[in-house]
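*Asks:* Combine the two chains into a complex, taking the hints into account.
Chain by chain, the residues:
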Amino acid sequence: MANVTFPFPFPSNLELMLPEIIIAVMAMAILLFDLFIPKEKKVISAWLAMATCAAAAVATLNVTSPEAMTTFYGFFVLDPFASFAKLLMLAATVFGIVLSLDYMKDEANTGEYYCLMLFALLGMMLMVSATNFITMYLGLELMALSIYVLVGYQRDVLRSSEAALKYFILGSLSSGMLLYGITFLYGVTGSFDFGQIGTALTTSDGSARTATLVGMIFVLAGMAFKVSVAPFHMWTPDAYEGAPTPVTAFMSVAPKVAGFVILMRVLVDAMPALQHEYTLMFTGMAVLTLAVGNIAAIAQRNIKRMLAYSTVGHVGFVLLGLIAATNDGYAGVLIYMTIYLFMTMGAFAIIILMRRDGIQGELLDDFAGMSKARPGYALAMGLMMFSLAGIPFLGGFWAKFAVIAAVIDAGHLTLGLIAILFSAVGVFYYIRVVKYIYFDEERVAFNFSDNVLMKATVALTSIVIVAIGVYPNPVMEFCRAALVGLI
Amino acid sequence: MELHNAIELHNVLGFPILSLSIFLPLAGAIFIWLFIKNANAVRWSTLLISVATFIVTLPLATQFDTTTAHMQFEEFHPWIEAFNINYQLGVDGISMPFIILTSLLTIICVISAWECIQSRVKEYMIAFLVLETTLIGVFSALDSILFYFFWEAMLIPMYLIIGIWGGKNRVYATLKFFLYTLAGSVLMLIALLAMYFKSGGTFSILALMDYPFDFEWQIWIWIAFFVAFAVKVPMWPVHTWLPDAHTEAPTAGSVILAGILLKMGAYGFLRFSLPITPDASQYFVPFMVVLSLVAIVYISLVAMMQTDMKRLIAYSSIAHMGFVTLGTFMFTQAAVEGAIINMISHGFVAAALFLCVGVMYDRLHTREIADYGGVVNVMPVFAAVMMVFAMANVALPGASSFVGEIMVLIGTFEADPSQMDISAKWIAIAATLSVVLSACYTLWMYKRVIMGDITKDSVKTMKDMSVREFSYFVPLIVLVLWMGFYPLPVLDVMHESVSHLIEQATTSKLDAAAALAGAAQEMAHH
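Here the protein sequences line up with chains A and B, keeping their order.
All letters in the first sequence, in the order written, are residues 1 to 487 by my numbering.
All letters in the second sequence, in the order written, are residues 1 to 526 by my numbering.
Calculated from the structure, these hints are not laboratory results.
Be aware that a few hints might be false.
Unchecked claim - SDA-like cross-link-like pairs, simulated, lysine to any residue; straight-line CA separation at most 20 angstroms:
no., chain 1, residue 1, chain 2, residue 2
1, A, Lys372, B, Trp33
2, B, Lys168, A, Leu421
3, B, Lys176, A, Arg432
4, B, Lys37, B, Lys122
5, B, Lys37, A, Gly376
6, A, Lys372, B, Lys122
7, B, Lys122, A, Pro375
8, B, Lys176, A, Leu421
9, B, Lys37, A, Arg443
10, A, Lys372, B, Ile32
11, B, Lys176, A, Asp440
12, B, Lys447, B, Leu301
13, B, Lys168, A, Gly376
14, B, Lys168, A, Arg443
15, B, Lys37, B, Leu48
16, B, Lys198, A, Leu379
17, B, Lys168, A, Tyr436
18, B, Lys122, A, Ala373
19, B, Lys122, A, Val470
20, A, Lys372, B, Lys447
21, B, Lys122, A, Arg374
22, B, Lys122, B, Trp44
23, B, Lys460, B, Ala383
Same shape as in the complex, but just chain B (with noise of 0.2 angstroms):
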């Protein structure tokens, strides 16, 4: 078994661009909390350093090679002997937009918070900074542990940040936060520790995908991996952290929960589980689409009922996030690339829907639905530009989330239905009601938000948004019309890691483990 060690990288560059988009935040954050006191100073500054962030990070995307499915950009340093742990980064296909994505939405967190967080401004930007570097070092960590290390690190802001920024049950919400996504992710680590010990030291991604573990050690590391991933994603029944973190969290934090942070767990599905145990992920197919559509469903429908205008994209996200992890194990290159589509694109969708009650909170400080009304008489740009989302929200065609919703049905459809008890055909129609009822919760919202009379007298005195808030809205309206109309770009990144990812998540590791096994007692016959 040889070991995967990336003696030879890949790295057109020949510079270590991935850990200057890591540390390049970290550093701001340093020098921020250790040079900057004035308020406005420190506001400028990481916005400064989150657009530099966003520059570095841009070369990613122009350099890289779409006709591969190698990691690019590696970088590999040891670093705890003890236990071959490496520093080991590289990006495919997969996890290069993540990393766009994630310096793109921290520049428009940045922007967002410029007005409304007056307090403690310094601790709340150094908290975003850290968080980018967490988020940055998740999608490009090609080492088990280290993925790790990022993925619990990030907690610490974020509980920071939903703590002392949120709303009046915010204490309640960042405790349940913190404590459900660490309970879901020491699993992981067992997983991964019990991994490094049978495949005889390595914790390198690469090396395990590649070590043929047998059906029984698959399902229990499937298992494993499925807690940590189920709760950050999150699925149903494991969901119900997110909408008490995204209604008491401040806006840009539910901007980043719902963009990146709900995206960790669907790619932790694309990273570790379909290609490292690809039998155990094809055994629970049937068992994941379950809980996709109960998500699509019953999630639509609860986020139907809600009163509170965060919780209600709160659901919708979770009910988006179904189609994800739908389209994730159909194992059919249209639905996999459909739920990273649909992952980019509810990043932009979920964001600026997020960004709009916040633009709206500013102004009346409450969330309820049955508090506004008629908006549009006095906020007509804002009524326009929360049309295009709630449109984007309910995916009609030529906004990003129709590509996405609209691949992962056809993937779904195409899907070999050998593998499951009931016809992918009856998956897919099931799907489909996501979009009915995604239309009823979002656009009943948007009437009742911002459509008819005024009635409250509070909704007269608010004012249209300035051009700081709009500036924030432009490059998401942008974005989501672009991939909308165009994909292709994306898909071209994503095409031929995505094509590899399914080979991987469709060839069986069993005879190699059984052959791996029988060599084994050769040996020890010997």
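So here's chain A without its partners, still in its complex pose (with noise of 0.2 angstroms):
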């Protein structure tokens, strides 16, 4: 037998990686496939891309096991923590590309768009499991480099183009701190591996400090460019604009659930010798991200701006459980996550179906009237902007909930105080929408997509955010068990 000799010994339990492997081997399947589909079937393409998704999600569910496993040399940790996060981002994909369906049947017509989801994806997907920042990195680079060209999908609407440059400059100087932060980390402690340099840090002699500080700082900086805390925020209204709408329901979501949960493996793994700085240093960014996000949102005209500064709102409530810190906080991280999803692809899924004359509105002023027309889409879109606005008996009230009462909890009253305040501001500009809705005449006939799919999908979300604000024990309860692996 010829002795075949491999520089390292092949990765044993390869198999944790299946669902990305699926992944991988799909989009390029599909890439390739695509070529062969003829012009006007071309949506066999998305029923392909959600056909993976579907496999890979049934492949995260067969592999996880209840305790974290690692793989590729400990490079890459697969625990529930990290399978609840691909669930759902899985999730947040498959409801993109249903919403791709109709909003982009003429640009779309090439499965690269579709493939590019599905990249973008893996990248998530990476990002969740990885163990050292160079995982970690890959994995970001992978999603931010297929969601700028997302956003700039539709290449002759200059709005598109104009977004994906911006978003393209501002994301690579993002990478580019984050590595420099990474840079100075490694140089500290000599590691890329979360763990060890947790450990180092801890039992550091405090020789080193200011270049911790300044890998920390920069660090979480570059990622909290990639979930839009302000005031590295600048980017995502300009991006969320101009991106086509369904490209602007998915990274509102998906990229958003990555960086949390990444970000919570890094505090935790890496830099709990640093909690203290890095509290002062989220809390200074929530509350300017809380007021940012609500304030601003206040004055937009165009529902996706208005929805890209609500985003930046939300982010600021997630970062209460970061800075709570416990259990509590990190599981309200994941509930808010959850709860986030269902609540704005509802919200986006109404704005794509909904067409006056045959044009998509993108104004506030293009939902007058709506309730008399479409009776049934006016309820859902009231139920989604009261539960991002987080009023009881609908989901988004419990997301609240869960964070503020987690920072409380550790001792941040008066951050809860501001972060509630902040959320009674807000309020406003989500009744406002329903003002529209509800109050105004209707001046335009509404003729609204018909696509079955997404009329399921509006009515899933509504169900879910109803039932989870009635009921909301079962996603606490769950998204508390999936903390095992990050604690």
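*Replies:* Written as structure tokens, this is what we have:
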């Protein structure tokens, strides 16, 4: 027998990466296969992409075990925490694809649209399973590059190209900051591995304190950019407004989930010794984020821009969970992201469905009188808005409740107070949408697109939001159980 | 510290009657939403559901045990385990009357909207049924988060009711209403969370009543509660949303607003502030007295100057609620019972006055006092009905409001003067001004609208009330007079609960708090 020698042994338990492998292989296969699909049947690519996500979800459920397992020489970890995030992101991707079916009928006649989504998803899935800065950075860049292209997908629309370019330039800058910070941490500790960095910082004699802090600040700033934390949120409104609406929906959920999950890993594993410092940094940023998100949204007339600022506001709330730095806080982050997924997807589905005289409406004014023309959609949009505003019997209330309870429990009573006051400010622009829908008279006839899958999305998200609002116990328990691996 | 977890449920019926009262309207709303299309069918089925709900709530009164201050008809189910939040329901003599009041006024609202609401009838009726669910929920919740849940959820249907079916300035009014009350309420949520962690993990109102918070905590909690409840009551100077909301709301919206929503704030003081933070409540007595007296005197003067009938009644509501808050913070049996009687009575009287304005508005589509005059000549029956409620608003003996106001005044005279810088006597004397002032604005309005000769041609076209319109005044007249002449049954219901409340409110928690702190220090020492 020929003695084949690899420079390294073949990694064991590679099956832990099965979901990622499925997505990588299928993304490339769809890209190739797409060449042979006739132009009018391109929707097959979308179905294949959805099937891929479904297969990856099944694989994720199958390979997850109750405790953390690593593969690829410890570069990749699979634990319930990562799997939970992956399921959320898979769901976000499926929603993103469904929302694209109709919207991109003319544009996305090319399979690479759906492939780019899958690649972005792959990047995010790698990111949440990272145990070190290298894996994390690879995943992050794969995600970011795919999303830059998706934002600029409408090549002949000026706004879309401009958004993509802005996003790309600022995104590259933030990646640079992230890398710069990583080098400092590497310089101080001699490792890229979260756990080893954490140990080294905990046991350090404090001689390289300045370098450590610079490293921490740059790493966290780079990551803050990806999740739209103020003052690094500048790209968000432009990118959200310019991107095709389904991409806006996708990027307002999935990358945020990935970003926050990996942020939690970095904080818990690599920076426990810096908790005081990063809490300080995050507290300031959280207040700023809440202020910017909730106040700037009031001035918006375009609903996509408004929801962009609203996302910033919600990110401010999620930060509270990180500041709490307790089990409750981390569970709160997951609860928030879960509920946020459904609220956002539901709202965007309605925005995409709504057409007046065949033209997609994006201005708040375009919603005027929707309740008379389409009471069902109006009700769903109303529920989404009240839920985003955090009014009870809807899911959004419990999302806010979970993180505010955690941050108060951790002793930050003032921060909880500030957050809840800003949420009361933010209520204004959400209920203003309801005002347009219910109180104003219809001016131009509505003709909604009637895509069955999108209707199902609206129905599903509404039901989920009400169900979680009335009985949040299962979601809360599930998110707590999903912390295994983080803590 | 033993937490009250209601392991032994006091429920004589052995049947979840409170849950049924809460969710019957909601189930009805869903049924109407799904299955009923025709507007008339919607009206009839809503009426049927609201009557059924009223009948369901009646056993709460008939089976009520007046010999105990304990919660009754209790229910307990775990709801959110992570935060020890439970679906805990129960009523005592303070909350039970309000449930009956809610279910009764909802029927009246439905009948009053029969003809004047012509657009989007289905949504209107659904909104009222959902509103009824949240209101009954507020008065029967014994878990503070459940209370908050209903308290906030109530905003959604009310926002839509004012915004869709309101007058021409409705959008401004409803946004103001929503934001004002929400901004107040969020502070209550912070206070609840802070108490949860301080008390070692309970949201149960009954457990929080027993937990000894130290003085500084009590002060902060009291302030947070005060902001939430004062906006809702509303107390001067955070009352400005009410005249707008009342004026712009459709008639039935004003009825529910005046009849029930305002009572939620005062109920909050009775259920949370007094028993949970007794020392802070004592501390803030002068503050509350001043605000109440300003409401009684100054707002009465403001009411006198109004040219819009609904605005006038809205200001009169604020003045009457000043009486309620005054009575609440006197800590005497008579004053607190008087305050509650006043709340119930105001539920009848203000509701009826808004209905009267609604009757006139349906005919001439104006609420300006100057547009009427001599209505008695064309609508004699209506004039007689409105006379009863105008007199009741003045607190004429024989009307329910007289009982409430006289009890508050007596209770104020009796109050222990050592708590206050000025003698309680002077407070009572100042409050008595209200009786004079309310006579001024109510009777003056009545004179200008109803009496005299007809000077406007439009008034000549007015037709007297229909049977339907008369029908919803009948129960209100009966109740106002019954409570005016024979209030004993209602007083009996609340007597035990109120004396228990006063015992809680006058027992300082500070010794127990100090003991607890000492014990904790001891523990830390070992």
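*Asks:* Lys372(A) and Lys122(B): Cα distance at most 20 angstroms?
*Replies:* holds, 12 angstroms
*Asks:* Does Trp33(B) sit within 20 angstroms of Lys372(A), going by the straight-line distance between their CA atoms?
*Replies:* holds, 15 angstroms
*Asks:* Are the Cα atoms of Lys122(B) and Val470(A) separated by 20 angstroms or less?
*Replies:* violated, 24 angstroms
*Asks:* Please verify whether Lys122(B) and Pro375(A) have alpha carbons no more than 20 angstroms apart.
*Replies:* Holds: Lys122(B) and Pro375(A) sit about 11 angstroms apart, inside 20 angstroms.
*Asks:* Given the hint that Lys372(A) pairs with Lys447(B), test it: the Cα-Cα distance must not exceed 20 angstroms.
*Replies:* violated, 43 angstroms
*Asks:* With the threshold set at 20 angstroms, check whether the alpha-carbon distance from Lys168(B) to Arg443(A) stays at or below it.
*Replies:* holds, 18 angstroms
*Asks:* Just to be careful, I want the Cα atoms of Lys447(B) and Leu301(B) compared with a cutoff of 20 angstroms; is the pair within it?
*Replies:* holds, 17 angstroms
*Asks:* Decide if the proposed pair is consistent with the structure: Lys176(B) and Asp440(A), CA atoms, cutoff 20 angstroms inclusive.
*Replies:* At roughly 17 angstroms apart (the allowed maximum being 20 angstroms), Asp440(A) and Lys176(B) satisfy the hint.
*Asks:* Quick one, are Lys37(B) and Arg443(A) close enough, alpha carbons at most 20 angstroms?
*Replies:* Violated - the C-alpha atoms of Arg443(A) and Lys37(B) are around 25 angstroms apart, more than 20 angstroms.
*Asks:* Holds or violated: Lys198(B) with Leu379(A), Cα cutoff 20 angstroms?
*Replies:* violated, 40 angstroms
*Asks:* Holds or violated: Lys37(B) and Leu48(B), Cα atoms, limit 20 angstroms.
*Replies:* Within the cut-off at roughly 16 angstroms; holds.
*Asks:* For the pair supplied as a hint, Lys122(B) and Arg374(A), is the alpha-carbon distance within the 20 angstroms limit?
*Replies:* holds, 14 angstroms
Checked against the numbered hints given earlier, this structure breaks hints 2, 9, 13, 16, 19, 20; the rest are met.
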